[in-house]
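2 protein chains.
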Amino acid sequence: MPLPGQLNPPYRVLLGPGPSDVHPRVLGAMAMPLVGHLDPAFLEIMNETQGMLRQALHTQNPLTFPVSATGMAGMETCIVNLIEPGDKMVACVKGYFGQRIAEVATRAGAALTKLERPWGEVFDLNQIRDVLTKVRPKVLAIVHAETSTGAWQPIEDLGKLCHEFDTLLLVDTVTAFGCVPLKLDAWQIDAMYSCSQKGLSCPPGLSPVSFSPRALEAIQKRKTKVQSWYFDVTLLSHYWDADRFYHHTAPITMIYALREGLRLMLEEGLQARWDRHLRNHRALKAALIALGLTYSAAEGHQLPQLNAVRIPAGVDDLAVRKKLLADFGIEVGGGLGDFKGKVWRIGLMGYNSRPNVVLLILAALEQCLQAQGVKINAGAAVAAANRVYGG
Amino acid sequence: MPLPGQLNPPYRVLLGPGPSDVHPRVLGAMAMPLVGHLDPAFLEIMNETQGMLRQALHTQNPLTFPVSATGMAGMETCIVNLIEPGDKMVACVKGYFGQRIAEVATRAGAALTKLERPWGEVFDLNQIRDVLTKVRPKVLAIVHAETSTGAWQPIEDLGKLCHEFDTLLLVDTVTAFGCVPLKLDAWQIDAMYSCSQKGLSCPPGLSPVSFSPRALEAIQKRKTKVQSWYFDVTLLSHYWDADRFYHHTAPITMIYALREGLRLMLEEGLQARWDRHLRNHRALKAALIALGLTYSAAEGHQLPQLNAVRIPAGVDDLAVRKKLLADFGIEVGGGLGDFKGKVWRIGLMGYNSRPNVVLLILAALEQCLQAQGVKINAGAAVAAANRVYGG
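So the protein sequences, as listed, match chains A and B. First residue of the first sequence: 86, per my numbering; consecutive thereafter. First residue of the second sequence: 86, per my numbering; consecutive thereafter.
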């Protein structure tokens, strides 16, 4: 078999549900040579990264670090550490990733209660209070930004509510972190996981997690060892705290990436970053509406960083996405699970939440819809976006 | 808190037990922009990577792919898939990583038998036959290149032996792959895991694994689900086979790295690569002996890529390693577990198995030993190495 040639990935603009384009400064950081994972210089890099991660998450939690694997590993890390076989847990399911939580929790032996809402909707406080009253679970898990539906779950008051029932609040912030407000301590979140390839504009490969002192206490009270050695937070904490006790070899280059992604985030300022995501979302949304498209999530609960819109009747989902990719190098996401073939998911995350990216996807999408015979007011989309940017 | 400055890792030559220096072409590949993890272009990159991985491992196993996490995750993946709670397993322990296997297996619920040898030694076929006869385990696990002792375990005849007893052979090749001969199919190895940051000269972050049809059959016959969702090979196989069914977001940039690391390995040729590791080891060894140092592993079982030598009496372990790092940017490994403070581990792995690296560490080590008051014949080490290279 002849060897494959030099790596030569095609030009892409990644506007799906993630990964999103990597910031050039992150790629630059990743080109730096390795230092050893126990080198004093690397320990300092770990400290800096953890410090910035806490700042970016608005938390003082000492136990804040990136799991050495992708976002789904962060989900599993949180669940297998908080849950012992037989522990009661509530999973709030309103999309694909809520279902995923339920599946991973079942494997961890949780006595699971699923609280469900139709895809695209969000939960309100009363529903959550009801289930807490009835079940009194050890853990309640909910997705902040549901990647499959584009729905934005309010979570600021959930921690306080959960604590009334002595329940730990676990939040999936995979698609939220770095795009929309997230304040772990003020919102009393006990455990959270995210990823590196969305709001952080790094490649996939790390999953930032954080555990509150309350969550850590629950972990320390476990009667059984965590099933997974790789994801055991009691071991990992000694690698990521002052001991720096050898556990596994940290993915050094990915830590370089995360450090740079966090620097970019904090240089910009968190509020400025959230505002930027909102502004580009407003421009995109005005334009998509001008194209006759509608959001699958309810008004007021639409994620700025992930715009899930219904595919117009008669339009060939795959043909449009193939044309976007082939003619313009643009990737947008198709639907997942219940929404397969029904929605497109347009991500504007981190580095990619920029006016030039918005104008590009609109111009390209207009052409693709026209090719499908959709009657549109030519140029109306770009004009609508420009009105938002103009004033 | 002021933000940390631009990433500026110090100059290093990584001659410990791993990570080893990343090949410049791998860093170049990692600087390429992302494509989506379900992009047709990425699926092709996955195919190419798997094809080369099979070639490099001398195997036809369809189920050959990199786990999206570090080498220790590969160990856990193999164990939690092959073992159901109550299954009999033998762990061959002759160093730190054999112990690690025992620990992970216990967490997976294995009915574990530990077969032990003193650190630095290896097992012979008779011992293995005895334990197989007595225990008749489902799985026997052994470390090919024991990173903690530098001992090289012969494994070519173990698969055949295990299969006489209907036992699956699991081999830890973390420090072996890419440095010493490894032929999965000819040696009838049923499952193996490795890492990216040693013989492959990539950053840490991936763990190549491979499962024989026999191992896959055992996995398919499981009565219980694998505890871990992230490491479940039945799910992962559909992501890495022709289905490309979404499981998690592959660490795209790390796959770029692995692809380039494998290209480098196959361009060079496996036999040429193994010969290169042997030649540089011979030069290093002749020189270390000229310096009066002795190997901790027995003659005939010393790994070319990881030279574990006893620290001479009266020499300050930490002072020497600190001077190597501070004055020359050279990292060598200290001892682990039973060998803490007793050995140095000098790695010559992948890209770093080069004459200029050998000459550098020898010249530096000579100076460090002299600073410790060790009487040495100045220049003798470099001269001994040069004699090996000269003819």
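It should be emphasised that the hints constitute simulated quantities derived from the structure, not laboratory data. Certain hints may be false.
Same chains, same names: a pair is fine if it fits in one copy or spans any two.
In silico DSSO-like links for lysine-lysine, alpha-carbon gap of 30 Å or less [stated by the list, open to error]: (1) 308 with 245; (2) 245 with 173; (3) 310 with 425; (4) 460 with 306; (5) 408 with 268; (6) 427 with 245; (7) 308 with 173.
Problem - Violating hint indices (sorted, rising) - result: Of the numbered hints, 4, 5 and 6 do not hold.
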